[in-house]
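Trainee: Residue strings, one per chain:
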Amino acid sequence: MAESFLEVHDLHKNFGGLTATNSVSFNLDRKEVLGLIGPNGAGKTTLLRLITGILKPDSGKVLFKGEDITGKKTWEIVNKGIAPTFQNMRPFRRLPIIANVMVSCLSPRSMKRGEWVKKVEAKAMDALEFAGISDMALEKASTLSQGDLKRLEVARAVATEPELLLLDEPFGGLSPAETDLMAKSIARLHKGGRFGRLHSEGPAMIIIEHKLQQLMKIVDRIVVLDFGTIIADGPPQEIVKNPEVIEAYLGKGGV
Amino acid sequence: MLLDIIIDGLIKGSVYALLAIGFSLVLGVARIINIAHTALFMTAAYLIYIGSKLMGLPLLLAMAAAVVLTVLLGLVVYRLFIQPIQEHEAAVLIATIAVAMMLQEVFLMSFGGHYLGVPPLVDGYLTIMGAKITYQHLLALGLSLVMLVGVRFFLMQTRLGLALRSTAQDREVANLMGMDVNRVALLTVAVSVGLAAMTGAIVVPLITVEPTMWMHPLIMMLAIVVLGGLGSIEGSFVGAYILGFAESLVVFMLPMGSFLKDSVALSVMILVLLIRPEGLFGVSFEEER
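Top to bottom, those sequences are chains Y and P. Using the numbering used here, the first residue of the first sequence is number 1, and each one after it goes up by one. Using the numbering used here, the first residue of the second sequence is number 1, and each one after it goes up by one.
Since the hints were derived computationally from the structure, they do not count as laboratory data. A virtual CB, placed ideally from N, CA and C, is assigned to each residue, including glycine. It is possible that some hints are incorrect.
Derived Cβ-Cβ restraints for the label pairs, each shown as a range [stated by the list, open to error]:
| id | chain 1 | residue 1 | chain 2 | residue 2 | range |
| --- | --- | --- | --- | --- | --- |
| 1 | Y | GLY202 | P | ALA190 | 38 to 46 Å |
| 2 | Y | LYS140 | P | LEU273 | 48 to 56 Å |
| 3 | P | PRO277 | Y | HIS199 | 44 to 52 Å |
| 4 | Y | HIS199 | P | LEU271 | 50 to 58 Å |
Just some of the chain Y residues that point at chain P, by a computed CB distance under 7 Å [unchecked claim]:
| id | residue |
| --- | --- |
| 5 | THR74 |
| 6 | ASN79 |
| 7 | PHE92 |
| 8 | SER104 |
| 9 | PHE195 |
| 10 | LEU212 |
| 11 | MET216 |
| 12 | ILE218 |
Which chain P residues stay away from chain Y? Per the calculated CB distances, all over 10 Å, these [said to hold, decoys possible]:
| id | residue |
| --- | --- |
| 13 | ARG31 |
| 14 | MET177 |
| 15 | THR208 |
| 16 | VAL272 |
In isolation and in its complexed conformation, chain Y is listed as follows (with noise of 0.2 Å):
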């Protein structure tokens, strides 16, 4: 078999006598958006969290283009492309927000030796164009709305050039109308091309996300966690109808 893109290989994470997650494994190609869904406490965040090394598993191996990167520090894997985002946001509140992006144009990935300062900053303000709040940039990031705050996550993890984003509840918080510009900046971001001085090969995803029915539209597959375990695995369509799941999470009504 060809290697994959990232493969997660038998984790497992107990937190005392708790086991989060339990396990888990899963492939993903290098175009592939991943829904990853389940109850509260079902594992979801320990996983993104495992696999970007804040967290190390007590066993199993997550391998990212054949390389295996468990246990590595989380700054070496985000350099090696893949790009985290936070459930609640944590900006460096007291910096612009222009500040708050250069700070991820700075990883040794997305920065050319000798780089100045000014160079950075176009790059960053860049990103801030594309999440579309580019007007804001030098107000200081404690004062931002909810919904600003997302989008300065997502520009964030666009300045840094990633080949893997992991989002964690994209459309948390969002009014309907921002869930949809939000998901347009997702299924852009994920075409690829330009974007002013940034170049997206268009990163595979893997999105946590509790609004199914906007998930749904945006991604190619989903696995559904229950208790730090893989219930089920497969495409939208045939999730929702899965007994199991349709027990386990959507409640006897469904979507």
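Here the structure of chain Y is known, so what remains is to put chain P in place on it, guided by the hints.
Mentor: Leaving out everything else, chain P in the frame of chain Y:
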């Protein structure tokens, strides 16, 4: 008299500002309360004395060598003594106290408790409105102001400066943005010790070099950092001039009472903290997160 106080206050303020900014940077980025910060400032002063007086090097060369050696010493100490125990903040605090005492004892044993001095870079003085102001004082003032501008440029306009400011705010997120936080911490230590050493080079002709010369600046620096608000660079800057001028006023107005200078500085600090517990430019912790 008035002019004396202004010049002296400005120099003291600038020196304290440079020390306090270096201290704040390491505190913010690496979470190290570096009690040895001013002991490294003393080390630079001693090395300049050794280079210029004992080895007969030209003063400028001695100064440059002293700065480089002090930075190297700082980095070695950081890698050997501090980094292995970095997880334990109390242990780090005690380790930096130990480093400071060690440096003091080394200089005490090598040179005794004598008051040593380094000649000025430029001789001569200027008389303005009846006050004698040596060129060395003016030079020290000019250089320290240039350094402060340089530090500001470095922090606001360079990549490393941005990396440093962001890591100081949130290490975990900086890490998630692909930043090698440990390397940033190492560079910060180098910058901070470099600032302390250069400050030492600027003022060493104006002060006496002796093994306890690190104590007074340490007290002033800690008072300034608390007064300005922990971790705030602007706070350190403003606090430094407030306490620098307070010290000059005490020294010039009460020639017999200059031993009071520490207590005046600390009293100013307490007064400010009574009114604003988070310091002049501090952020209250709820707002932080």
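Trainee: Against this structure, judge whether each hint is valid.
Mentor: Okay, the hints, checked on the actual structure:
Restraint check, GLY202/Y to ALA190/P: a C-beta distance of roughly 40 Å satisfies the suggested window 38 to 46 Å. The hint said 48 to 56 Å for the Cβ distance between LYS140/Y and LEU273/P, and at roughly 25 Å that hint is violated. Taken as a hint, the range 44 to 52 Å holds for the pair PRO277/P and HIS199/Y, whose Cβ atoms sit roughly 49 Å apart. Hint check: HIS199/Y to LEU271/P, Cβ distance near 56 Å, so the stated range 50 to 58 Å holds.
Given the 7 Å rule on beta carbons, the hint for THR74/Y holds: about 5 Å separates it from the nearest Cβ of chain P. With a least beta-carbon distance of about 5 Å to chain P, the hint placing ASN79/Y at the interface is held under the 7 Å criterion. With 7 Å as the threshold, the beta carbon of PHE92/Y comes within range of chain P, its nearest partner Cβ sitting at about 5 Å, so the hint holds. With 7 Å as the threshold, the beta carbon of SER104/Y comes within range of chain P, its nearest partner Cβ sitting at about 5 Å, so the hint holds.
For PHE195/Y, the shortest C-beta to C-beta distance to chain P is roughly 19 Å, which exceeds 7 Å, and the interface hint is violated. With a cut of 7 Å, the hint placing LEU212/Y at the interface with chain P is violated, because the nearest CB-to-CB distance is about 27 Å. Interface hint at MET216/Y: violated, since its Cβ lies 28 Å from the closest Cβ of chain P, which is beyond the 7 Å cut-off. Because the smallest distance between the Cβ of ILE218/Y and any Cβ of chain P comes to about 23 Å, over 7 Å, the interface hint for this residue is violated.
For ARG31/P, the requirement that its beta carbon stay farther than 10 Å from each beta carbon of chain Y is met, with the minimum near 16 Å. At the 10 Å boundary, the C-beta of MET177/P falls inside the reach of chain Y, the nearest C-beta of that chain being 5 Å off. The beta carbon of THR208/P sits about 40 Å from the closest Cβ of chain Y, which is more than 10 Å, so the claim that it is off the interface holds. Separation of VAL272/P from chain Y is adequate, the least Cβ-Cβ distance of about 21 Å exceeding the 10 Å criterion.
In summary, the structure is inconsistent with hints 2, 9, 10, 11, 12, 14 from the numbered list given earlier, while agreeing with the others.
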